[in-house]
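J.: Sequence:
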Amino acid sequence: MREYDPVWLSRVLTELTLTFHIIYATIGVGIPLMIAIAQWVGIRSKHNFSVLVMHSLPPIAHTSG
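Quick note on the working numbering: the sequence shown kicks off at 1 and runs consecutively.
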């Protein structure tokens, strides 16, 4: 069995956790921002369909986070 250096293992673990958190934090901020912009555009353009779709999106968005 191969022995690993504890410093190397800790660096790998730090790299993995930082990568995971950077990706999911970006998604967690980006999706609500895109939903808010889409709602604003739908309300501003007064399209009934887009407003209706946007009113059904937030419950879906809350369950995904």
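Keep in mind that the hints are not guaranteed to be accurate.
Derived Cβ-Cβ restraints for the label pairs, each shown as a range [to be verified]: (1) TYR24 - LYS46: 44 to 50 Å; (2) LEU16 - LYS46: 43 to 49 Å; (3) LEU13 - SER45: 34 to 40 Å; (4) THR26 - SER56: 21 to 27 Å; (5) ILE23 - ARG2: 27 to 33 Å; (6) PHE49 - ILE27: 32 to 38 Å; (7) VAL41 - TYR4: 47 to 53 Å; (8) THR26 - ASN48: 44 to 50 Å; (9) THR17 - ALA38: 28 to 34 Å; (10) TRP8 - VAL41: 44 to 50 Å; (11) VAL41 - LEU9: 45 to 51 Å; (12) ARG2 - ILE27: 52 to 58 Å; (13) TYR24 - TYR4: 24 to 30 Å; (14) PHE20 - ASN48: 47 to 53 Å.
Just so you know, the hints here were simulated from the structure itself, not pulled from any lab data. Owing to the predicted nature of the structure, the values given are computational and were not obtained by experimental measurement. Cβ coordinates follow ideal geometry from the N, Cα and C atoms, glycine included.
J.: Each of the hints needs a verdict: does it hold here or not?
T.: We went through each hint and held it up to the structure:
{"no.": "1", "hint": "TYR24 - LYS46: 44 to 50 Å", "verdict": "violated, 35 Å"}
{"no.": "2", "hint": "LEU16 - LYS46: 43 to 49 Å", "verdict": "holds, 47 Å"}
{"no.": "3", "hint": "LEU13 - SER45: 34 to 40 Å", "verdict": "violated, 48 Å"}
{"no.": "4", "hint": "THR26 - SER56: 21 to 27 Å", "verdict": "holds, 25 Å"}
{"no.": "5", "hint": "ILE23 - ARG2: 27 to 33 Å", "verdict": "holds, 30 Å"}
{"no.": "6", "hint": "PHE49 - ILE27: 32 to 38 Å", "verdict": "violated, 26 Å"}
{"no.": "7", "hint": "VAL41 - TYR4: 47 to 53 Å", "verdict": "holds, 52 Å"}
{"no.": "8", "hint": "THR26 - ASN48: 44 to 50 Å", "verdict": "violated, 33 Å"}
{"no.": "9", "hint": "THR17 - ALA38: 28 to 34 Å", "verdict": "holds, 32 Å"}
{"no.": "10", "hint": "TRP8 - VAL41: 44 to 50 Å", "verdict": "holds, 49 Å"}
{"no.": "11", "hint": "VAL41 - LEU9: 45 to 51 Å", "verdict": "holds, 48 Å"}
{"no.": "12", "hint": "ARG2 - ILE27: 52 to 58 Å", "verdict": "violated, 36 Å"}
{"no.": "13", "hint": "TYR24 - TYR4: 24 to 30 Å", "verdict": "holds, 27 Å"}
{"no.": "14", "hint": "PHE20 - ASN48: 47 to 53 Å", "verdict": "violated, 41 Å"}
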